[in-house]
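Chain by chain, the residues run as shown.
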Amino acid sequence: MNTDNLTTAGEELSSLEKVKQGLKDIFGQTTDLAVVSVHVGQYEGLLCYLTTMTSTDFITGKIVKELSLSEDKEQLSKEETFRELEDCHFSGLKHETLQNMEDSSNKMVLGYAAIFVDGLPLVLAVDVRSLSSRSVEEPTSQNVVRGPKEGFTESADTNMSLIRRRFNNVKLRFEKFELGYMTHTAVYIAYLDGEVEEHILEQVRERLNSAYIDSLFDSGRIEDLLHSKGKSMQLFPTICNSERPDAVCSYMINKRIAVIVDGSPFVLIVPSIFTDFFKSPEDEYQWFVIGSFARYLRYFAFILSLIVPGLYIAVTSYHQELIPSILLTSIAAQREGIPFPAGIEILLMEITFEILREAGTRMPRIVGQTISIVGALVLGEAAVQAGIVSNINVIVVSLTAISGFVAPIYTFGAKVRFFRFGMIILSSLIGLYGLVLGCCLLMVQLTRIESFGVPYLSLFSKWDKRRVT
Amino acid sequence: MTLSKVNTVDTFTLQLVFLLSTSIIFGTPSVVPDSWLVGIVAFFPACLLIVIYSTMLALQEDRGLYPMLEKAWGKVIGKGFVLIYSTYFLYIAARNIRDMIELIMSTLLRMTPVPLLTTMFVLLIAYTVLGGLHAIARFASLILWLILFMLLTLAILLMFSSSIILEQMLPFLSKGMWPVVKSAFSFSIWFPYGEIIVFLVFQPQLGGAKGFRKITLYAFLSTCIILSLTDLIQIWTLGLEDKKYSVFALLDAARLINIANIITRMDAIIALIIIFGTLLKCTVFLLACTEGVARVFNREAKDFAFPLAVVAGAFSILVTRNSAEHVTEGLKYVIYTLHIPLQLLVPLLTLLLIRIRYRKGATT
Numbered sequence: 001m002n003t004d005n006l007t008t009a010g011e012e013l014s015s016l017e018k019v020k021q022g023l024k025d026i027f028g029q030t031t032d033l034a035v036v037s038v039h040v041g042q043y044e045g046l047l048c049y050l051t052t053m054t055s056t057d058f059i060t061g062k063i064v065k066e067l068s069l070s071e072d073k074e075q076l077s078k079e080e081t082f083r084e085l086e087d088c089h090f091s092g093l094k095h096e097t098l099q100n101m102e103d104s105s106n107k108m109v110l111g112y113a114a115i116f117v118d119g120l121p122l123v124l125a126v127d128v129r130s131l132s133s134r135s136v137e138e139p140t141s142q143n144v145v146r147g148p149k150e151g152f153t154e155s156a157d158t159n160m161s162l163i164r165r166r167f168n169n170v171k172l173r174f175e176k177f178e179l180g181y182m183t184h185t186a187v188y189i190a191y192l193d194g195e196v197e198e199h200i201l202e203q204v205r206e207r208l209n210s211a212y213i214d215s216l217f218d219s220g221r222i223e224d225l226l227h228s229k230g231k232s233m234q235l236f237p238t239i240c241n242s243e244r245p246d247a248v249c250s251y252m253i254n255k256r257i258a259v260i261v262d263g264s265p266f267v268l269i270v271p272s273i274f275t276d277f278f279k280s281p282e283d284e285y286q287w288f289v290i291g292s293f294a295r296y297l298r299y300f301a302f303i304l305s306l307i308v309p310g311l312y313i314a315v316t317s318y319h320q321e322l323i324p325s326i327l328l329t330s331i332a333a334q335r336e337g338i339p340f341p342a343g344i345e346i347l348l349m350e351i352t353f354e355i356l357r358e359a360g361t362r363m364p365r366i367v368g369q370t371i372s373i374v375g376a377l378v379l380g381e382a383a384v385q386a387g388i389v390s391n392i393n394v395i396v397v398s399l400t401a402i403s404g405f406v407a408p409i410y411t412f413g414a415k416v417r418f419f420r421f422g423m424i425i426l427s428s429l430i431g432l433y434g435l436v437l438g439c440c441l442l443m444v445q446l447t448r449i450e451s452f453g454v455p456y457l458s459l460f461s462k463w464d465k466r467r468v469t
Numbered sequence: 001m002t003l004s005k006v007n008t009v010d011t012f013t014l015q016l017v018f019l020l021s022t023s024i025i026f027g028t029p030s031v032v033p034d035s036w037l038v039g040i041v042a043f044f045p046a047c048l049l050i051v052i053y054s055t056m057l058a059l060q061e062d063r064g065l066y067p068m069l070e071k072a073w074g075k076v077i078g079k080g081f082v083l084i085y086s087t088y089f090l091y092i093a094a095r096n097i098r099d100m101i102e103l104i105m106s107t108l109l110r111m112t113p114v115p116l117l118t119t120m121f122v123l124l125i126a127y128t129v130l131g132g133l134h135a136i137a138r139f140a141s142l143i144l145w146l147i148l149f150m151l152l153t154l155a156i157l158l159m160f161s162s163s164i165i166l167e168q169m170l171p172f173l174s175k176g177m178w179p180v181v182k183s184a185f186s187f188s189i190w191f192p193y194g195e196i197i198v199f200l201v202f203q204p205q206l207g208g209a210k211g212f213r214k215i216t217l218y219a220f221l222s223t224c225i226i227l228s229l230t231d232l233i234q235i236w237t238l239g240l241e242d243k244k245y246s247v248f249a250l251l252d253a254a255r256l257i258n259i260a261n262i263i264t265r266m267d268a269i270i271a272l273i274i275i276f277g278t279l280l281k282c283t284v285f286l287l288a289c290t291e292g293v294a295r296v297f298n299r300e301a302k303d304f305a306f307p308l309a310v311v312a313g314a315f316s317i318l319v320t321r322n323s324a325e326h327v328t329e330g331l332k333y334v335i336y337t338l339h340i341p342l343q344l345l346v347p348l349l350t351l352l353l354i355r356i357r358y359r360k361g362a363t364t
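Chains A and B are the protein sequences, given in the same order. Going by the working numbering, the first sequence opens with residue 1, and the numbers climb by one from there. Going by the working numbering, the second sequence opens with residue 1, and the numbers climb by one from there.
In case anyone wonders, no lab produced these hints; they're calculated from the structure. Treat the hints loosely; a few may be bogus.
[Unchecked claim] Here are the computed distance ranges between Cβ atoms for each label pair:
id: 1; chain 1: B; residue 1: Met177; chain 2: A; residue 2: Glu321; range: 38 to 48 Å
id: 2; chain 1: A; residue 1: Ile395; chain 2: B; residue 2: Phe185; range: 48 to 58 Å
id: 3; chain 1: A; residue 1: Ile425; chain 2: B; residue 2: Leu318; range: 24 to 34 Å
Heads up, the beta-carbon is just placed ideally off N, CA and C, and yes, glycines get one too.
Produce the complete structure using the sequences and hints provided.
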């Protein structure tokens, strides 16, 4: 491999020396650039690629072997040799014919090998991209008991193939976009042609094309870009994500568009509506009664996690008459030695829980044990015995905490936690009235939002074609 | 800009919740013994209102109340009428807020300052108004389930606490038909049925004359059935006399629920659900008001949402000194000085004027 000692300067493709110089100008001293002298047919040639974007096996097995085979052919002109390479030797690989250095180098960055022939102003770019990536594993954030165990990986190619193998259908389309002026990350949209609404597709294309960001490492970043502009005050997520190919495919059948970002195992689904966040693909794989029961349970848990702490505060501090007398006496007895009002008490425990949760997710796996032991102490019997909080408070906080995690999509649960604090504050200020106003606000917000012109929460109106946001 | 239309089912739920929301608790006048009949009797003349309103719409290509007024009365007087209607809607919204606050004050929060409660509510209304009619209609469909669920639970729980005694509705028509008919004409037609006039404002976004006739008829019918049933439940549980003198009869009925000493005091919960209904109704009125004001002053309707909401809140506190005055004003003066002229006389005159000024074929 002679990647060094490029000396003479010159014009772009006229001679191999000039090509070498050109490559040096563009790539500088980067160590992963391989420039190999080869024989192309009867002529001198150069094989250039980035070693980090391919594997040695691939280069020796496919490219070098084919090039050496081309040497044995009879005498041909340069152009004919080039055509011969293109049509016979590399016809099985994805390839393109380019005419200048700039295009070639841009292709090389994407994992192409560029083959130059001495004195010929043409460059053959062959796709030799072969990257190591995590193999297809079980998804970590969305588990099912029954159903496919495959999950998306960081490689967009793998992800697309996971989708394609579930749709043996000519209508499945992938479209490529490039985002990030520094990283040139590939973003793909996948949809079923004829099924999706054309105006939604147009909006997605337009927003991806007009996006101006420097880098893109996870699909979470383009969630904001895909949101309608000037609607940053949305309290609910309008873009759903999934790690499961079967879930994404079942969304796509329901007229959705999947957005795949290279490097992220989370595939976005647009447009998403409220009910999407409560569906788990597992619901469809079992008896429908059990599936629906599970789904309604999730809605119920969502409501619980929102209002239970607020309700507890409002009822114990403002509307004691609403509690049955026996329960009221037992609550009062428990709260007897507690120094704080109910609002502060709940807020204290909720914040403790949030800290525990945050620590639990960020902490290295090995020390994970510690959290559960310490957490059980802080959020449990010890706190009660110390006289800081009452027993019923611990029950309320734990119930809300568990309910908050029932939503199958984690990002949804994350937002709900914020509303819970709002509800706690409102109801500790003006009791049930505040709680109900808070609920009203959420309901109004839920019905106000639209995701790409599709009403976010609507009990009766089906998708309204005429609406464009 | 072409406005897309709210679909039929959403329009229906919007109108139904609009009609039910406050009347379910403040609705029928308690002065007559057989109040449940009043609703049924009032239904038939109320249908005449539908005829008048839909004819108005049909005459001028579903353009809505405000353009219609300007067309019939000319630019200047028309604009005057638009302002009068806007104020009227704002006033009703203020009254509804006051009703709701009275209810909250008497059941939930006795000590909290009224301005605080009103301000929070009013800001919420303004926020809802900004969402536009589509969002409000979707919101209504949520509320409808809440209200129906609440009524059904109420009936079932009352039944299980054996509070429903059918004999309580006797004597039936002890004073003859006349008080019922009189009450229907002097009260129930105008509230809640007549208030449907506010939907004329939104017709460009709703179904138009044909849709209006059909949807409103169904909405009236459902309202009539639901209101009569709730009235019957109240009478069966409270008895004729108690119902007559109770301020919030439905709440008093709910108070009788007692199942094994655990499920008690349901009235507060019902009072809370009324908040949802009132919110929706006030929102519809305020939206109509903002559109009227925006039309007269040539501004965006959205600019007026917050200021007008605050005005409505202030109105609701300033409009009367106490609850008794508020109720009397609602039962007597509002009906004769506002409801009847603005719901019946002005529309009739407008209809006549349009007929006279624009004869057949001469559409402009």
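Hints, verified against the model:
Taking the beta carbon of each, Met177/B and Glu321/A are about 42 Å apart, inside 38 to 48 Å as hinted. In this structure the supplied range 48 to 58 Å holds for Ile395/A paired with Phe185/B, their Cβ-Cβ distance being about 56 Å. With their beta carbons about 30 Å apart, Ile425/A and Leu318/B fall inside the hinted range of 24 to 34 Å.
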